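K.L.:
Below are the chains, spelled out letter by letter.
2 protein chains.
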Amino acid sequence: MNSSIKSMLVLAALSFVVLLAGCGGGEPDDTAAAGPPTAQHKNLFGGMPKVMESADNPLTDTKIALGRILYYEPRMSISGDISCNSCHLLDEFGVDGLATSPGHDGTFGVRNSPTVYNAALHIAQFWDGREPTVEAQAKGPILNPVEHGMPTAEAVEEALRGIPEYGPLFEAAFPGEEQPVTFDNVALAIGAFERKLVTRGKWDRWLNGDGNALNVQERRGLDAFMDIGCTTCHMGPNLGGSLFQKMGLVEAYPMEDKGRSEITGNAAEMYFFKVPALRIIAETGPYMHDGSIESLEEVVRIMAKHQLGKPVTDQQVTDMVVFMKALTGKLPAEYIAEPTLPGM
Amino acid sequence: MNSSIKSMLVLAALSFVVLLAGCGGGEPDDTAAAGPPTAQHKNLFGGMPKVMESADNPLTDTKIALGRILYYEPRMSISGDISCNSCHLLDEFGVDGLATSPGHDGTFGVRNSPTVYNAALHIAQFWDGREPTVEAQAKGPILNPVEHGMPTAEAVEEALRGIPEYGPLFEAAFPGEEQPVTFDNVALAIGAFERKLVTRGKWDRWLNGDGNALNVQERRGLDAFMDIGCTTCHMGPNLGGSLFQKMGLVEAYPMEDKGRSEITGNAAEMYFFKVPALRIIAETGPYMHDGSIESLEEVVRIMAKHQLGKPVTDQQVTDMVVFMKALTGKLPAEYIAEPTLPGM
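Keeping their order, the protein sequence lines are chains A and B.
Heads up: the first sequence begins at 3 in our numbering, then just goes up one per residue.
Heads up: the second sequence begins at 3 in our numbering, then just goes up one per residue.
Worth flagging that the hints you see were computed from the coordinates, not collected in a lab.
Check before you lean on any hint, since a few could be wrong.
When chains are identical, the list treats them as one kind, so a pair holds in a single copy or across two.
[As the list claims (entries may be wrong)] No more than 25 Å apart at the CA atoms, straight line, and that leaves these computed lysine-lysine pairs for DSS-like:
1) Lys44 <-> Lys260
2) Lys198 <-> Lys141
3) Lys52 <-> Lys198
Please read all numbers here as calculations on a predicted model, not as lab measurements.
Looking at chain A on its own, in the form it has when it is part of the complex (with noise of 0.2 Å):
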């Protein structure tokens, strides 16, 4: 053996010795500090508000104030039972943890009740965006037969008009209105108590340049999930809730329920649903617009499959749901204890 190949073998079996230390030594130390975010993050992710304005519903202490009474109040069903609270449990992360909910009488809807925290910040509102607003929102589950099973908007007023206490707060609420207590007045109530019902925690933190927020593991997952495209979705303060997407994109997805064109009568939006805020998702499951997905990380699975037609690593998987945890921020605590009832 010549003494150039020599040398060269010798090389070859040092690179080798490199590489493995490499691999073994090396390993990133998962809970180190993720570094700042870079101006593409602040893009894709933008700020979230403190409080979610309304352009036609100005944000008041009373009204605020009487929203989250009339959230609570069970009054508002037919039964006598059911309250916003029933399915949308603001000390659960605004979710009651079922499939799909079970209402007045026992019945059950057919898609999965979302949370209501950060809900505000959507297009619009319910699985098929059918309403524009939390405030239109606010009416449908009360007058909904298989939910509060209210039959009429008068039924609601009448209601409310029986219990005397009522008169004073929405007096205040809805100041010189002649008849304050009305239907589209509690709507506008428990939409204004809503647009407070924002979670902030460490990911708001990092997001704001705060380096340390995050940890390597963590913006891992990030990349993951940039990487494989869901920020194409999964985008803004509420990493969702901006678009309709159609469920089954790349491959179609086995369901029953047709989503936003069984609104719109539109073929274009069939399958279609609101892409769903991952904002607390770590706690909001079961997932999916029908609750029949117990684990985040066989969401993760399946949106990759169904809707990037990407494939996934079990690392990448258990990166970005250990990222989608880190965005669980915390509750507004003020909001969360049930109010004294008036009249109760």
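Could you slot chain B onto chain A? The hints should help.
P.N.:
Chain B only, in chain A's frame:
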């Protein structure tokens, strides 16, 4: 040098030669047949209907014929010389080739006039989706001060009622109505006509299973289009028009137009526009909501950068543009020749 080392070196040299041959001599034949589509392609792009039906506006021959005449009717403009066909030229793929279009007094609009072909399939009309259907859309430009400039619906009705030859045409299209010459019926007739403006071509033959209809390069462009993630928004039979998306999603795109949020008032839709359909994109430049980009190659690069944050090679851009050219179908010839206008 011992024999085992010698043979290893020979093997390495041979591998190198094989590798070179693979790179050089094995060039794919870009003009060969692409082969048939997969289930994924069919699911992603679906089938283009022959007619874009409407549950609210049943299509009849008399209504379509009237709509075709009205489409070319300049007397529904204050200057007497602007018709739908002034900006959406049917013999020019439904566009005027300008960045933005001049109205009755030469004032230009602020957004690019999109093609009318295949438009009825969109989830909504206009760049910001402010009207739900082609019927609702048809009214907008007629009353827009910088387009047709008609002051009121009544003025349109007066103009058409002043042309006695229109009476029987409206009566035939809207039988049984006492006064069928109405602005609402104008919109229904034009909408009905537009629902026939479908383009079809080799892309459709390919999707229907003809593996010879696309060639290898076109298919490679489609593969890149899907791999990069374009199909997350440009899906369905129209390769777009199914959802609203933020322009500058990954990297902010400098522009003043706030898009859909100007209509909805919802901050979550800031810079959102309807995703343009690509079915005849190669013929409908210039591009973007403001018509600011001349070349399709440049748009592809802008989209990859600002919407997806993905690097693209020159070859990928070339292939994707070749793919988009392959989408261009035949115009429905029977509607293109200008009809004889009543009383002219």
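K.L.:
Checked against the structure, which of the hints given earlier come out wrong?
P.N.:
none
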